[in-house]
Amino acid sequence: MRADLDIIQEWIQPRSRVLDLGCGSGELLHFLKQDKQVHGYGMEINPEDIASCIDNGVNVIEQDLDQGLTNFQDKSFDVVIMTQALQAVERPDLVLDEMLRVGKETIVTFPNFGHWRARFYLALKGEMPVSKFLPYTWYNSPNIHFCTFKDFEALCRQKNIHIVRRTVVNSKHRDHWITTLWPNMLGEIAIYHVAK
Amino acid sequence: MPEQIAADSVGLVQPQTLQFDQPLSLRSGRVLPHYQLVIETYGELNAERSNAVLICHALSGHHHLAGYHSMDDKKPGWWDSAIGPGKVIDTNRFFVVGLNNLGGCHGSTGPQSINPETGLEYGPDFPIVTVSDWVQSQVRLADRFGIQQWAAVVGGSLGGMQALHWSIDYPDRLRHCLMIASAAKLTAQNIAFNEVARQAISKDPAFHGGRYKDHATIPKQGLMLARMLGHITYLSDDSMREKFGRELRSGKLSYNYDADFEVESYLRYQGESFSGAFDANTYLLMTKALDYFDPSVDFDHDLVATLQGAKCGFLLVAFTTDWRFAPERSREVVDALVAAGKDVSYAEIESTHGHDAFLIPIPRYMDVFGRYMNRVGADIGLAAAKQELS
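First to last, the protein sequences are chains A and B.
So for the first sequence, my numbering puts the first residue at 1; every next one is plus one.
So for the second sequence, my numbering puts the first residue at 1; every next one is plus one.
Everything labelled a hint here was simulated from the structure, so no lab data went into it.
Treat the hints with care, since some could be wrong.
In silico lysine-lysine, DSSO-like type, Cα no more than 30 Å apart, as pairs [as the list claims (entries may be wrong)]:
hint, chain 1, residue 1, chain 2, residue 2
1, A, Lys-75, B, Lys-311
2, A, Lys-104, B, Lys-311
3, A, Lys-75, B, Lys-185
4, A, Lys-33, B, Lys-311
Using the sequences provided together with the hints, build the complete structure.
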């Protein structure tokens, strides 16, 4: 399992009700269902991913995150998760508000644009960063709102969102001592557990 | 006429008529003392009787889902695109049952049957049957085959309403509900279309209060109008533009009131052929069954509470240009199922075909449908389709 998903699953209580926004192929929900008897729903708009969810026996609902979550009641899920999709939505701040409204707890992960490799690309090469992890070029990238850990935390402060937990990983290893030392420079993926 | 039957067709098939002698109490308070259901089946019921799939038909559908009755048939059954060996509802794996619902005009007991009390044809006196009455009669059909639990109940439009009703009324008797291009109840606009259709039929001078057979006639004009109106609502603006545009039949305007445009002659043809083949009293009854459908009336109009007792898994599918059963109506059901904590998946298929899309083998639709049916198969321990085919 992807490093960020592996950490998230540890944060989820057995038998909880989970909504996974931009759930991809349903990997996390499938694992949570098998291992923690979690009752989950994924939200996705990519037809191939929806097909994989159906194959995996994962509940998947075709719905565009950018249209909001108005069809869900306040606090109707124990946890609302969004992994690696914050940077791809039209208004990350509004989606975050909706997640906090619908979920009792919220977990968000996103790629850190403050990572040294991204900084290196921009500062020294003068090009928008392209990596194995972020393989798109600027004109075809679905990632339209990149941010760094610092940026995200500033948004949380501004919105009075409480950061319950934060973990930083790189794409291969989790919790490496180096990433903990200087997360905004060395961490590739941030995982935030937030609440309001 | 099929010159040769395709390898993925169920081939030549025959309907059967089943007699039920136990009276059926209807929602209206009336009772059918006994009745017949005409059915067709494809594939083999396995020893555990676990691989049965019930297909519920829509307004003008019937029991003939797939294959041909004879080599002279112009067209196969109405859902031949989805049912057959290796197709999304794979008859190599599933035992597929189709029926003509009560009140229909394709052989099951309905307005054209003899009323045992009078010895005469029921005609307009045939009781109005509802979706829940149909489901009750389908339960007896399942009992007749010794099917304790359907692997899936599947339907589009009015058929999807029956599938949904199964999940509410008989939660233990189906594992999966596939509800396609349907709704938990009709909107006022949708009822309005049905009312215009009914008025067209009942105001036809040849209708004779539903006793047209006694006058050796049929309300052809009324049925034709009803079908033309219905047909427009089953298509989309886009699909009509694509199909007809403003094409003229003879290349120039006639400056009289004949059909100038292709779309006019198409609708006339559709109405014409339908009016010769479908019974007017059945049409009225089917539209009433649609209008009356609202399972939440028994639960204080709370759809979440209505679905709370359901135990099956759900797949809902809607089509982007379907305005008769718009995606919003499917999403209402999905939201209620999520709120009730039920297993549900939902796909919204891009299509220009309007409501008719549910009968068209659109690649993504067939893909989602087929994958879900694989899951249905896996759930009852059937080997994956691909392995079995190879």
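Could you tell me which of the hints above the structure violates, numbers in ascending order? The structure conflicts with no hint, since it agrees with every one listed earlier.
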